[in-house]
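Read off the chains here:
4 protein chains.
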Amino acid sequence: MGKTYTYDEVSQHRSADSCWVILYGNVYDVTKFVPEHPGGAKIILQLAGQDATEEYDPIHPPGILEESLAPECKLGPLDASTLPAVEKPKGEEKKEDEDAIMPLDHCLNMDDIEAVATKKMSKKAWAYYFSAADDLRSKALNNTVYSDILLRPRVFVDITKCDTSSTILGNKVNIPLFVSPAAMARLGHPDGEHGIARACSTFGACQIISNNASQTPEQILEGSPPDQVFGWQLYVQRDRKKSEEMLVRINRLTKIKFIVLTLDAPVPGKREHDEREGKNVGSNLPIRSSHQEGSSSTTSPDPKAASGSVASAMFAGTAGDLTWKTTLPWLAKHTKLPIVLKGLQTHEDAYLASLYAPQVQGIILSNHGGRAADTAPPAIHTLIEIRKYCPEVLDKIEVWVDGGIKRGTDVVKALCLGAKAVGMGRNALYGLGAGGIAGVERVYEILKAEIETTMRLLAVEKIEDLGPQHINARAVERDIYDGPAGLEKLSMWIKAKL
Amino acid sequence: MGKTYTYDEVSQHRSADSCWVILYGNVYDVTKFVPEHPGGAKIILQLAGQDATEEYDPIHPPGILEESLAPECKLGPLDASTLPAVEKPKGEEKKEDEDAIMPLDHCLNMDDIEAVATKKMSKKAWAYYFSAADDLRSKALNNTVYSDILLRPRVFVDITKCDTSSTILGNKVNIPLFVSPAAMARLGHPDGEHGIARACSTFGACQIISNNASQTPEQILEGSPPDQVFGWQLYVQRDRKKSEEMLVRINRLTKIKFIVLTLDAPVPGKREHDEREGKNVGSNLPIRSSHQEGSSSTTSPDPKAASGSVASAMFAGTAGDLTWKTTLPWLAKHTKLPIVLKGLQTHEDAYLASLYAPQVQGIILSNHGGRAADTAPPAIHTLIEIRKYCPEVLDKIEVWVDGGIKRGTDVVKALCLGAKAVGMGRNALYGLGAGGIAGVERVYEILKAEIETTMRLLAVEKIEDLGPQHINARAVERDIYDGPAGLEKLSMWIKAKL
Amino acid sequence: MGKTYTYDEVSQHRSADSCWVILYGNVYDVTKFVPEHPGGAKIILQLAGQDATEEYDPIHPPGILEESLAPECKLGPLDASTLPAVEKPKGEEKKEDEDAIMPLDHCLNMDDIEAVATKKMSKKAWAYYFSAADDLRSKALNNTVYSDILLRPRVFVDITKCDTSSTILGNKVNIPLFVSPAAMARLGHPDGEHGIARACSTFGACQIISNNASQTPEQILEGSPPDQVFGWQLYVQRDRKKSEEMLVRINRLTKIKFIVLTLDAPVPGKREHDEREGKNVGSNLPIRSSHQEGSSSTTSPDPKAASGSVASAMFAGTAGDLTWKTTLPWLAKHTKLPIVLKGLQTHEDAYLASLYAPQVQGIILSNHGGRAADTAPPAIHTLIEIRKYCPEVLDKIEVWVDGGIKRGTDVVKALCLGAKAVGMGRNALYGLGAGGIAGVERVYEILKAEIETTMRLLAVEKIEDLGPQHINARAVERDIYDGPAGLEKLSMWIKAKL
Amino acid sequence: MGKTYTYDEVSQHRSADSCWVILYGNVYDVTKFVPEHPGGAKIILQLAGQDATEEYDPIHPPGILEESLAPECKLGPLDASTLPAVEKPKGEEKKEDEDAIMPLDHCLNMDDIEAVATKKMSKKAWAYYFSAADDLRSKALNNTVYSDILLRPRVFVDITKCDTSSTILGNKVNIPLFVSPAAMARLGHPDGEHGIARACSTFGACQIISNNASQTPEQILEGSPPDQVFGWQLYVQRDRKKSEEMLVRINRLTKIKFIVLTLDAPVPGKREHDEREGKNVGSNLPIRSSHQEGSSSTTSPDPKAASGSVASAMFAGTAGDLTWKTTLPWLAKHTKLPIVLKGLQTHEDAYLASLYAPQVQGIILSNHGGRAADTAPPAIHTLIEIRKYCPEVLDKIEVWVDGGIKRGTDVVKALCLGAKAVGMGRNALYGLGAGGIAGVERVYEILKAEIETTMRLLAVEKIEDLGPQHINARAVERDIYDGPAGLEKLSMWIKAKL
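Line order of the protein sequences matches chains A, B, C and D. Position one of the first sequence corresponds to residue 1 (UniProt numbering), numbered consecutively onward. Position one of the second sequence corresponds to residue 1 (UniProt numbering), numbered consecutively onward. Position one of the third sequence corresponds to residue 1 (UniProt numbering), numbered consecutively onward. Position one of the fourth sequence corresponds to residue 1 (UniProt numbering), numbered consecutively onward.
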């Protein structure tokens with residue numbers, strides 16, 4: 001440990017046989033770890049023999065280095081004077097003069113916030129946040145579906161009072177908004193997920209912590225008031241042990257009130273902006289020839305093998321064999337927290353979920369921000385589908401939505417249709433990218449004001465008084481699935497197949 | 001009073017503790033007035049210690065200065081020679097050579113008029129007139145809804161005669177058009193509301209005077225012929241006394257035939273063009289942190305606190321606690337004039353209004369020019385909704401519409417669907433901006449000719465003969481609200497809640 | 001007559017009191033004629049004292065000068081040497097090098113033809129042909145309605161034979177196309193209407209001669225084969241005598257098989273492209289203040305007063321008092337030719353027309369090329385409306401359509417829906433503008449080939465076998481008028497009002 | 001034969017009377033062949049007296065020269081030194097630096113592939129592949145119809161296994177994709193149809209060999225594994241003998257499992273991009289005056305006469321007199337292979353086809369890539385139409401679709417609606433143009449990965465489990481033909497007319 005390493009020494013070790021990297025000024029031998037890296041071997045080998053701190057830092061929670069590596073892997077400090085002078089690669093530079101960027105208080109809406117964040121963030125972060133599947137059709141639909149719904153303002157009612165408070169699984173929130181589990185917040189700003197938590201605290205909103213957060217749950221929760229409401233997202237790992245260990249840790253954190261089991265991305269969608277950025281940054285290694293596997297891929301999908309996109313790194317290790325019958329009982333053994341299932345996109349699955357109450361207490365209608373299957377329906381479609389085929393679901397469990405929220409009117413429309421809470425992922429991340437904690441606070445400030453204005457113009461004082469009579473969703477209703485309900489078949493399916 | 005002040009002296013007094021301003025060459029100590037300024041303290045403090053005439057003049061009726069300030073506040077004349085040489089701020093300059101602007105008689109339609117006005121007016125005036133809520137969706141819908149309705153021209157009928165005359169609440173008009181209550185006309189042109197009145201007189205149209213006119217009602221009516229038809233818009237003030245005093249004044253003016261009680265903007269919508277202009281012109285004072293209020297804003301909404309937009313200044317003082325049960329009886333005590341309710345956007349509210357006849361004799365279906373709730377329905381939606389759910393309303397009270405009128409065909413389509421009169425706000429203001437009285441006259445000249453051509457091509461001689469058989473509104477009808485009528489519930493609601 | 005005039009002499013006479021003009025090298029005193037000029041006084045006065053040949057020639061049939069003026073008005077020849085050197089005004093110059101223009105045989109479709117014509121014609125001619133009412137919505141709809149109809153090609157049928165011949169009112173045509181009565185062909189090319197006739201002869205198509213043709217009927221028919229089919233359009237003149245004299249002349253021309261009574265433009269629509277061109281070329285005379293007439297214009301509409309557009313000149317003198325009850329009997333007295341009513345836009349009027357068979361033998365569903373009422377329905381709408389409400393009309397009289405034809409598929413779709421013939425105005429005029437006779441022939445060559453290809457791909461050999469089973473018009477059907485049929489009311493209306 | 005010819009000698013023979021061309025360094029006297037050239041005389045005469053190798057080679061299968069010409073036509077070798085120095089015509093040059101073109105592994109989707117191919121191919125090849133009929137409406141619809149269908153992803157199902165294998169007429173394929181019979185592959189890349197076959201082999205896909213392939217069937221099949229599945233497309237020739245000879249040859253090739261009888265282009269559609277390219281390259285010969293034929297073209301359509309487009313050359317010789325009654329029995333005499341009918345676009349024809357089972361074992365719903373009748377319905381329309389009117393067809397015969405496939409989601413949607421296999425023409429050709437065999441492989445690699453991701457996100461393991469419950473096609477269903485089914489009439493029609 002007493003030895004100090006030079007950059008030249010490190011740079012000899014750049015293969016799978018002997019792979020060293022520099023992190024935070026120390027030299028590590030990660031040769032043994034390379035094959036089991038959740039993000040795939042390739043991404044490490046690209047950085048072998050070099051200082052990997054800049055790439056490593058924003059996407060790994062502090063402390064995970066020590067957790068993952070045996071002590072002997074830490075070889076010792078680097079002699080910093082031996083580092084070559086570096087030029088920042090172009091994609092990582094700030095793209096514009098800070099001066100030319102709109103100040104936060106001049107940002108009037110989510111588009112302004114996104115524009116500022118796009119200017120301030122690295123291209124890699126932008127590509128990861130912005131990207132969605134294929135041709136971005138679901139991403140686009142997520143927002144336009146709200147525009148297609150008209151409001152029905154009422155008049156001549158006293159609107160001096162307006163109260164946006166509500167509850168989420170019985171926990172009081174000042175505004176029925178939650179941050180969808182969005183990964184890698186430190187990619188956008190060093191304040192990271194903890195910064196989002198701070199802003200949520202200011203506005204009394206709920207935050208769902210991503211399984212792939214760039215900070216640990218403990219770090220994110222640090223300093224939050226006792227009544228702040230958090231959920232924790234679980235991506236079940238192929239190696240169930242890892243998930244079980246995480247659950248033990250989560251069960252200890254009393255501010256975490258529920259587990260969100262994400263189901264809508266058992267494999268990642270094809271996010272081309274993210275992939276292109278990965279290709280640009282990545283090396284010229286040949287990509288996998290997937291066709292050599294023949295027609296039937298009987299092994300689990302292996303996103304590790306895809307090119308160096310953020311998403312592909314993140315999905316490595318995620319289990320694809322979750323089922324109603326096996327996963328919920330397993331989960332019951334490892335946590336008493338209520339379960340919220342995320343990513344339901346049909347009335348059939350919503351109905352199934354409602355049969356699993358009370359273990360399951362909520363569902364999030366979500367197409368994963370348009371990032372999973374392109375042309376998957378927006379959450380509002382699924383919500384109207386539920387109203388049409390099995391409205392009783394809305395009584396049995398809480399139904400939340402996310403995706404495409406740009407305006408307070410969007411939030412209010414979702415609530416009118418029966419959503420108990422409304423989630424946003426990109427808005428929070430863009431807010432963070434635009435100005436750290438203050439940026440996320442600006443996001444909430446704008447949306448809260450817009451929600452209040454909308455409620456007042458609908459002549460509604462309390463969230464619970466919003467209802468379908470306040471909107472005209474006819475232009476959307478005519479596009480909703482119109483096939484057989486299939487609910488009887490579902491019971492049979494449950495018995496037969498699960 | 002004998003004393004003459006220098007600019008340097010005045011410029012010492014630029015705080016809430018001692019606030020002087022120069023207006024029309026005189027120096028005023030407005031310290032005591034600052035906290036009670038209807039437009040908010042901030043907007044005055046921004047101009048403290050300076051010559052505020054240019055900002056003050058176009059948005060305040062002459063005489064209101066004397067009404068509002070105690071005599072001792074007028075300190076005395078300014079020594080004009082001490083004024084610093086000023087450069088006109090860029091936003092206030094005329095943006096183009098007058099020569100390059102299309103002459104009025106070459107303007108063939110409302111878009112031409114708007115284009116000319118946009119070039120001639122200050123950016124502040126343009127931003128105030130042009131702006132609408134959020135993403136301008138309702139503003140856009142207001143017009144496109146007319147394009148989606150097809151005409152059904154009839155042929156082989158004698159069309160040598162064509163008569164556009166009609167009545168508005170029993171008062172004869174030569175054309176069934178009214179100027180919607182549009183504030184701050186002098187922002188666009190010194191002819192102001194009085195200029196609009198002059199043009200209305202030429203064409204026999206009706207004018208509704210804004211509560212926030214930049215001239216007094218008496219000034220606006222001056223010189224108008226005895227049979228010219230006016231209405232007066234009431235924004236009920238939180239301080240009811242102020243409204244009652246205004247009503248006393250209005251009751252005296254016999255040309256004012258009705259009171260328009262505006263209900264569609266109890267809080268202003270979010271008009272970003274206007275807000276951005278306010279931010280550009282305004283100072284760098286930090287904006288309000290509204291979130292410090294917590295989730296429930298139990299006090300009346302306080303638009304004063306918003307940044308220096310025209311709208312925010314204007315809405316200060318407006319009451320948010322109007323109700324069917326309390327406001328109409330109060331109003332009955334203070335005026336015998338018939339009441340027209342403005343801003344109804346649902347068949348439910350139209351139905352309710354019809355129950356209040358004969359005190360209420362008319363309603364204006366309006367989404368406030370798209371300036372209140374974005375994605376609120378265009379007036380034509382509400383009109384078709386009334387035809388569908390409670391057509392008897394059209395027999396009991398007059399139903400007027402406004403918003404989005406660009407063509408004579410638009411006017412005729414609204415009349416075919418049962419509107420008794422059709423209002424325009426921006427057209428009049430843009431006409432004024434494009435050429436004062438002559439500009440507004442050009443607006444009417446164009447529209448009257450278009451209305452006559454349309455009537456002739458429909459083979460209809462008189463306004464009252466226009467009917468739904470003359471149009472095909474099917475493309476719009478399929479988007480109309482299709483939920484439960486809720487009219488029975490309404491009676492209960494009236495008993496229970498009001 | 002012996003005297004020769006100098007330009008200086010002529011230029012002294014430029015007022016209504018003494019108005020001389022030079023035409024074709026001769027000097028005329030038109031003082032007495034000015035007030036009775038069908039195109040209005042203004043347009044002559046603008047050219048008073050000058051050589052008006054260039055403006056006069058392309059819009060007046062040869063010979064009409066002698067017809068209209070007393071012999072003494074012709075003062076004598078001009079001394080050509082006294083003419084000032086003239087620079088061609090910019091709008092009248094050819095806009096591009098002839099070399100850069102696509103040759104006719106490279107033009108593959110109507111858009112190519114229009115593009116070439118636009119480059120070759122004067123701006124005035126382009127503006128007159130191109131223009132349509134208001135915002136060009138009906139003009140645009142005229143074409144897009146065809147795109148929205150899908151074909152239903154059939155296969156495995158012998159398609160070696162394909163026969164486009166048909167009949168029009170019993171007269172054989174080689175292709176069921178007619179040239180809609182389009183005015184002022186010589187504006188676009190000196191070949192004029194006679195050139196169109198020549199091209200129609202080559203392809204066996206029908207031509208309807210415009211009442212406002214720039215050549216006389218006799219000139220147009222000259223040299224045409226005995227079996228060529230012509231119709232003649234009648235715009236009934238306020239001065240009925242003039243129309244009666246024309247009918248006497250027409251009755252003598254045996255190739256003219258029917259009279260088309262145009263009903264869809266009793267007043268001209270507002271054609272802004274044409275009007276703008278008129279304003280640019282016209283003088284700075286103040287335009288009419290129409291509002292001085294008050295609300296009721298009880299006199300006939302006076303388009304003469306409008307600015308110097310081609311349309312306004314052309315509509316002067318047209319009667320607005322035509323009716324089912326009075327005009328058809330009058331017409332019966334003056335011609336035995338079958339009558340075709342042009343410009344029907346509702347099933348009601350189509351139904352009424354069918355009651356007037358056998359005097360009325362056909363109707364042309366037309367919105368006047370989108371030039372009359374903007375947002376009037378495309379002919380295809382009216383055709384489907386007839387199929388829905390009163391399909392018997394299709395058995396009693398021939399139903400033709402025009403407007404928006406761009407492709408052979410458009411023609412075939414109209415025929416499938418029951419149209420007996422399909423008309424085109426602009427295509428013929430653009431063809432003429434693009435290359436005189438050869439240009440119009442190219443138009444027919446392209447369309448005939450497209451029609452044949454479409455018929456073959458539908459597996460249909462003969463025009464009469466085309467039917468609704470060959471198309472899918474569902475996307476259009478859902479926009480068709482859906483109100484009460486009103487056919488019973490029509491009988492009453494006929495009795496009561498006519 | 002011993003004689004060597006000079007370029008000057010050859011260039012004397014450039015007329016129909018004596019026509020020599022140089023091909024692959026030899027001089028041929030093709031005078032006798034000119035009138036019977038399937039692609040028309042004109043196209044040869046344009047190259048008479050010159051070296052035609054560059055034009056000839058990519059569109060003729062090797063060996064066909066010897067097949068078509070008598071031995072004495074081959075005059076002898078050219079003295080290469082006498083050839084003039086040539087400059088490559090501009091349209092034929094590679095249009096961009098190869099360096100600036102995206103490498104294949106960076107191509108993420110079909111649009112990338114098309115963009116690369118567009119840069120690499122000759123303009124002539126691009127124009128031929130890219131072009132579609134008229135205004136490209138059917139071509140555009142072919143793709144957008146897929147976007148309008150939403151997916152219905154299911155969750156909480158084990159998706160570790162995913163099997164894309166299926167069968168085509170009982171033959172196993174690893175992926176239910178086929179290459180539509182696309183002509184002239186060597187225009188795009190020298191690897192030609194054989195290259196496509198190689199890529200199909202890698203991925204276990206099916207290939208339908210075009211009747212107009214630029215390589216012989218034997219060449220294309222060379223080296224393919226015994227279980228690779230091929231079909232062969234038959235364009236029946238007017239000279240039936242030629243087709244019969246081809247069938248003899250095809251019957252011998254055991255890897256060819258079925259005959260695809262193409263019915264959707266008995267005449268070619270009007271492909272303007274292709275035609276324009278033909279006009280640019282072609283000479284200035286006057287085009288045919290088709291109107292001289294009169295209204296009835298009782299002879300077979302003669303596409304030979306059209307300008308020098310690739311399509312026009314290719315369609316020469318194709319029979320237009322195929323019928324259900326005569327062609328299928330004739331075919332039965334010449335092959336025992338199952339027949340697949342290509343180009344059905346109505347439920348009526350699909351129903352008819354099903355009556356001809358078991359000779360007919362499949363149909364391909366196709367509008368010929370939008371290249372035949374513009375505004376013909378996309379295959380998905382016809383598929384839904386079949387589901388609506390005669391779903392039993394799907395049980396009796398296999399129904400395949402092609403046209404507009406851009407994404408794996410498109411493929412999956414077609415399968416969900418009941419398609420047994422999905423074809424692509426342009427994708428394969430663009431892949432070839434982008435990189436030969438490797439380019440086509442990249443096309444399959446991308447689509448296979450997308451299909452697997454989509455299946456996993458729908459929670460479907462096997463192709464046969466995909467069904468209508470996995471999609472929401474409501475937005476498309478409302479546009480489907482809604483007229484009378486006409487199936488009873490069809491039986492009558494069969495009896496009466498066939």
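Treat the hints with care, as some may be off.
[Said to hold, decoys possible] Only pairs whose alpha carbons sit at most 27 Å apart, straight line, appear in this in silico BS3-like list of lysine-lysine:
1) B:LYS172 to B:LYS242
2) D:LYS279 to D:LYS123
3) C:LYS396 to C:LYS255
4) C:LYS388 to B:LYS388
5) C:LYS325 to C:LYS161
6) D:LYS388 to C:LYS388
7) D:LYS420 to A:LYS489
8) A:LYS242 to D:LYS123
9) D:LYS242 to D:LYS325
10) D:LYS161 to C:LYS388
11) D:LYS325 to C:LYS161
12) A:LYS388 to B:LYS420
13) B:LYS161 to C:LYS325
14) B:LYS161 to B:LYS242
15) C:LYS336 to C:LYS388
16) A:LYS119 to B:LYS242
17) B:LYS119 to C:LYS279
18) A:LYS161 to B:LYS241
In short, the hints are calculated from the structure, not lab data. No experiment lies behind these values; they were computed from the predicted model shown.
Inset, instruction - If any of the earlier hints don't hold here, list their numbers in rising order. - result: Hints 1, 5, 8, 10, 12, 14, 15 and 16 are the ones this structure does not satisfy, whereas the remaining hints hold.
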